[in-house]
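Taken in order, these protein sequences are the chains called A and B.
Quick note on numbering: the working numbering labels position 60 of the first sequence as 60, and the sequence is numbered without any gaps.
Quick note on numbering: the working numbering labels position 139 of the second sequence as 139, and the sequence is numbered without any gaps.
Treat each hint with caution, since some may be false.
[What the hints assert, rightly or not] Okay, the calculated bits of chain A under chain B, using three or more residues with CB under 8 Å as the criterion: (1) 45–57; (2) 65–79; (3) 85–98.
Calculated from the structure, these hints are not laboratory results.
C-beta: ideal position from N, C-alpha, C; glycine also.
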Amino acid sequence: MLELNEVSLRFGDKQVLDGCTLCLKAGEHIALMGPSGCGKTTLLRVALGLQVPDGGTVRSKAERAAAVFQEPRLLPWRTAAENVNLVLSDGEETLPEAHAWLKRLELDDARDLYPAELSGGMQQRVSIARALAVLPALLVLDEPFKAMDSTLRERVMGLTAERVKDSALLLATHSEDEALALGCKVLRFS
Amino acid sequence: MNPRVQSFFRTLAVLVFWLLVWAGAAALVGQELLLPSPVQTGRKLLELGGTAEFWLTVGKSVLRVLTGILAAVLGGILLALLTHRSSLCMALLSPLMTLVKSTPVASFIILALVWLGRGAVPVFIAALMVLPVVWANVTAGLRGIDAGLLELARVYELPRLRILRRITWPSVRPHLRAALRSALGLGWKAGIAAEVLTVPALSIGKRIYEAKLYLETTELFAWTAAVVLVSLAIEKLLLRLVGKESTHAGTE
Numbered sequence: 001m002l003e004l005n006e007v008s009l010r011f012g013d014k015q016v017l018d019g020c021t022l023c024l025k026a027g028e029h030i031a032l033m034g035p036s037g038c039g040k041t042t043l044l045r046v047a048l049g050l051q052v053p054d055g056g057t058v059r060s061k062a063e064r065a066a067a068v069f070q071e072p073r074l075l076p077w078r079t080a081a082e083n084v085n086l087v088l089s090d091g092e093e094t095l096p097e098a099h100a101w102l103k104r105l106e107l108d109d110a111r112d113l114y115p116a117e118l119s120g121g122m123q124q125r126v127s128i129a130r131a132l133a134v135l136p137a138l139l140v141l142d143e144p145f146k147a148m149d150s151t152l153r154e155r156v157m158g159l160t161a162e163r164v165k166d167s168a169l170l171l172a173t174h175s176e177d178e179a180l181a182l183g184c185k186v187l188r189f190s
Numbered sequence: 001m002n003p004r005v006q007s008f009f010r011t012l013a014v015l016v017f018w019l020l021v022w023a024g025a026a027a028l029v030g031q032e033l034l035l036p037s038p039v040q041t042g043r044k045l046l047e048l049g050g051t052a053e054f055w056l057t058v059g060k061s062v063l064r065v066l067t068g069i070l071a072a073v074l075g076g077i078l079l080a081l082l083t084h085r086s087s088l089c090m091a092l093l094s095p096l097m098t099l100v101k102s103t104p105v106a107s108f109i110i111l112a113l114v115w116l117g118r119g120a121v122p123v124f125i126a127a128l129m130v131l132p133v134v135w136a137n138v139t140a141g142l143r144g145i146d147a148g149l150l151e152l153a154r155v156y157e158l159p160r161l162r163i164l165r166r167i168t169w170p171s172v173r174p175h176l177r178a179a180l181r182s183a184l185g186l187g188w189k190a191g192i193a194a195e196v197l198t199v200p201a202l203s204i205g206k207r208i209y210e211a212k213l214y215l216e217t218t219e220l221f222a223w224t225a226a227v228v229l230v231s232l233a234i235e236k237l238l239l240r241l242v243g244k245e246s247t248h249a250g251t252e
């Protein structure tokens, strides 16, 4: 599904990635853990094709990828439901599906609100709903649950784990609990 | 009271205030030849408005200037897309736009008169005044598109048309509205100024020129009032075409 071979990347004087190798199959979940600034997000960006490495190879066979970034990345001019619908179709025929995903993320009352009218945690849940709605073959999560309280986080993690049990999952996190809840093998960065 | 009604009455009160100032000044001067009163100007405007020639003249002038403005809007958008994609095009075009913005409009009118026919000069001048403003604002809009949203579109492999409709256009539209707001008046005034200097048949500029020539100050004021009213109408119309402003950082 995703193969990173001897990937290296340098930003100025700083070697951010140095010979990273990673192989991710369908149904396999991997959590990247390590201190802030160790290159977890950079590796996720390389995996998504958003960052070209200086060396090594990246091969992805995922037909459909989805990502939840550290920030929600919602269209400010569209409602929560329309933001989820953005990745489903260009029309309104998939809006009920978007509504259903918002309901699962406990955002039923917020579907017609704009991002500016939502709290940070709610915005992040909209972006999770958007990622889960597409049933991705590869899901990349970059510290997606940090703006949620513990009870809600557990429910959202449960929903995520259930939705992507057959997909490849790459998670960047500081929390062992999150890695455990999503059934991830842990890779430690230093 | 409804805020819209409140705003309407406020605007009306300001208008009445300035009309009273104008009427007071005209009464002080006491000579219609030097400064006609608002009533004399209004009466003249009504008199002119009762003739078919007035509407034909206004229509032809509007057509000329609007042609120039619309060409400039389209051209400005296309050039902005081009310069946004190519740094070479940006390097070549940027000084040209600065030159256009800093050259006196009268120089362009005289040059255009040499190059083009009388009827085409107002079209060209209106376009020339609007083009750099639209180009600069749309370029700023394109530069301001949230890179995070474009990355999102890439990850989810959104089709090009959807990116254009849902991300690019809503990001650029507030900038285009601002450009139209500042450039329309400019284009319209420059177009009429070009008409005054080139006096094409059936044009507001020619009527203003003739009014000046025959010392018909009241008619000059009446035509000027017509220019202002048409300018406001064009601005409202074009801004409506671009769409409403939203409270949510843009709309589609």
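Evaluated hints:
Coverage of the region 45–57 of chain A by chain B holds. Counting CB-CB distances below 8 Å, 3 residues qualify, and the rule asks for three or more. Residues of the region 65–79 of chain A with a Cβ under 8 Å from some Cβ of chain B number 10, which satisfies the need for three, so the listed coverage holds. Beta-carbon proximity to chain B at under 8 Å applies to 3 residues in the region 85–98 of chain A; the threshold of 3 is reached and the given coverage holds.
Taken one by one, the earlier hints all hold for this structure without exception.
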